[in-house]
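Order-wise, the sequence lines are chains A and B.
Each residue of the first sequence is one higher than the one before, starting from 1 at the first, in my numbering.
Each residue of the second sequence is one higher than the one before, starting from 1 at the first, in my numbering.
Read the hints as simulated data drawn from the structure, not as lab findings.
Predicted model, so just to flag it, every value in this text is computed and none were measured.
All residues carry an ideal CB built from backbone N, CA and C; glycine is no exception.
Treat the hints with care, since some could be wrong.
What the hints assert, rightly or not - Between beta-carbon pairs, the in silico distance windows are: (1) T22(A) to G206(B): 20 to 28 angstroms; (2) T22(A) to E124(B): 40 to 48 angstroms; (3) V40(A) to W237(B): 25 to 33 angstroms; (4) R5(B) to W76(A): 47 to 55 angstroms; (5) D68(B) to I45(A): 38 to 46 angstroms; (6) L122(A) to A50(B): 38 to 46 angstroms.
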Amino acid sequence: MTPPEASALGDTAVAAGFAPLTIWSVILALALGSFLLRFVFIGFIGDRPLPEWLLRHLRYTAVAVLPALVAPLVVWPPATGGEPDLARLAAAAVTIVIGWISRNVLIAIFAGAATLYTLLYLLG
Amino acid sequence: MSSPRASAYFWKGFRDGTPFIFVAGPFGLLFGVLAAEAGLKLVETMTLTATVFAGAAQFTALQLMKADTPTLIVIASALAVNLRMAMYSASLTPFMGAAPMWQRALAAYLMVDQSYALSIVKFETEPKLTVPQRMGYFFGSVTPVAVAWNLMTLLGAQVGGSIPDSFALDFAMPIAFLAMVTPMLRTPAHLVAAAVSITIALLTAGLPYNLGLIVAGLVAMMAGARTELVLRRRGLWT
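So that you can see chain A by itself, here it is in the shape it has in the complex (with noise of 0.2 angstroms):
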């Protein structure tokens, strides 16, 4: 056992790692799937064309998957333990509003670090 000390500066872990099965088993099933969940479509029907009902879903992929996986993070981010926290909040809101004004992609990631940073050191 380790002190409670010790593990919360993440030694317990660097110490132990993991049994080189269990994370080669990870790596090796990982990559092999995710290439299959890449490849199924563009390797396997190639330029036979897709239905239109299809192409209409897949129109909104990327606006109804990325804010799913943003969403959680941010109303309950891991870093605070999933408490809310005002200055992730306010740099969510920040990054939206600007990336919506801008529509620039660069533009609105540095108005989001920027709140956050500043929230951060006003807030302690």
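Fit chain B to the supplied structure of chain A, relying on the hints for placement.
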């Protein structure tokens, strides 16, 4: 690239993709740092990063492994996060499906949020592009990100736990993804899809194994497609 025109599009893509190194760089750095803190060896971290090449899935796997989750659930959850890549692949198939098999296989390996987002916008706004030009653009758009992602993961894995928490690197990914999505909200149907996506993701956050993400993504796609259909029928689609 086989023709000079395709190589010109490679460099167009490269220029459009370059800003994303400011996204993928910190994100890769963070992954390297967290992987080192979780106890992954350098060779394990770098093999994972180079072969899987999908940040969100890698973070998911790392998070679950740290929590001593059974291996099968780690794999299933990380692949669930990557299901959107299948949708990206399908979405780009009408534009890139006629390319040679080796190019399609390489494109599949390099299919990430950034290369998809840049390419789909380019292909839709310039429908007259030839297939080699499209492949050139796609590979160009992902090259800066691929290099930055791997190099910064390597750096992060070596720096390890010495980056203070006050840098709040945890929030690099949410900000980057929000910045990417917002400019995509071009039509009322896209707005509906995003709103439904957020609502359902928050309502289903308690579901195990990232199932909420899959449910939210599928329902939001249907909501977007439905909205488009309704607007078209009323003659409001532009």
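Hint by hint, here is what the structure shows:
Distance hint check: the CB atoms of T22(A) and G206(B) are about 27 angstroms apart, consistent with the given range 20 to 28 angstroms. Between T22(A) and E124(B) the beta carbons are some 43 angstroms apart, a value that agrees with the proposed interval 40 to 48 angstroms. With their beta carbons about 30 angstroms apart, V40(A) and W237(B) fall inside the hinted range of 25 to 33 angstroms. Against the hinted window of 47 to 55 angstroms, the Cβ-Cβ separation of R5(B) and W76(A) comes to about 49 angstroms, which satisfies the hint.
Under the hint 38 to 46 angstroms, the C-beta atoms of D68(B) and I45(A), about 39 angstroms apart, fit the expected range. Checked against the given bound of 38 to 46 angstroms, the beta carbons of L122(A) and A50(B), roughly 40 angstroms apart, stay inside it.
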